[in-house]
Amino acid sequence: MKRYYSKSTGCCYLEGIHDEMPLDVKIIDEARYERVIANPPANKARGHDEEGLPTLVEPLPLSQQVLAQLARRWRDEELGRYLWLRERHRDEQELGGRTTLTESQYAQLIELLQKLRQWPQSENFPVETSRPSSPAWLVLASVIEPPTPERQ
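Per the numbering used here, the very first residue in the sequence shown carries number 1426; after that it's consecutive.
Derived by calculation from the structure, the hints in this document are not laboratory data.
Just to be clear, a hint being listed does not mean it is correct.
Keeping only pairs whose Cα atoms sit at most 27 Å apart, straight-line, the calculated DSS-like set for lysine-lysine is [what the hints assert, rightly or not]:
(1) K1469 <-> K1432
(2) K1432 <-> K1451
(3) K1451 <-> K1427
(4) K1469 <-> K1451
(5) K1469 <-> K1427
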């Protein structure tokens, strides 16, 4: 069974399976299909050679806008990872009982949340190495699943 590739659609078609194919289809050999379509390396993108067949190329760098969107998504996820700890601590304080976090830990948590909120306005945003880092104890605490209504 012959396999075809269309540059215009970026799809493969099989003879005998696909009754209609784009006008620009070209036969693609199994080795190229496996290397470029089925199992491409994670650090490569798909391009096309002079004949319109798929090849592996270096990916284009991400735009500043895309990098900023990805950085904000990471920041929002980090805030979500830790907000439950702040809420739990505040609830424990309001109830007048013993708190799970020490005052020092709570201060570090609040400081981190503030740094995460302010990071998009910093000079080095969205550079990954400029991300606010969490204290080690907090990273360990965040792997503990926050309480859900069913478990309270």
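Hints, one by one, checked against the model:
| no. | hint | result |
| --- | --- | --- |
| 1 | K1469 <-> K1432 | holds (17 Å) |
| 2 | K1432 <-> K1451 | holds (9 Å) |
| 3 | K1451 <-> K1427 | holds (10 Å) |
| 4 | K1469 <-> K1451 | holds (22 Å) |
| 5 | K1469 <-> K1427 | holds (26 Å) |
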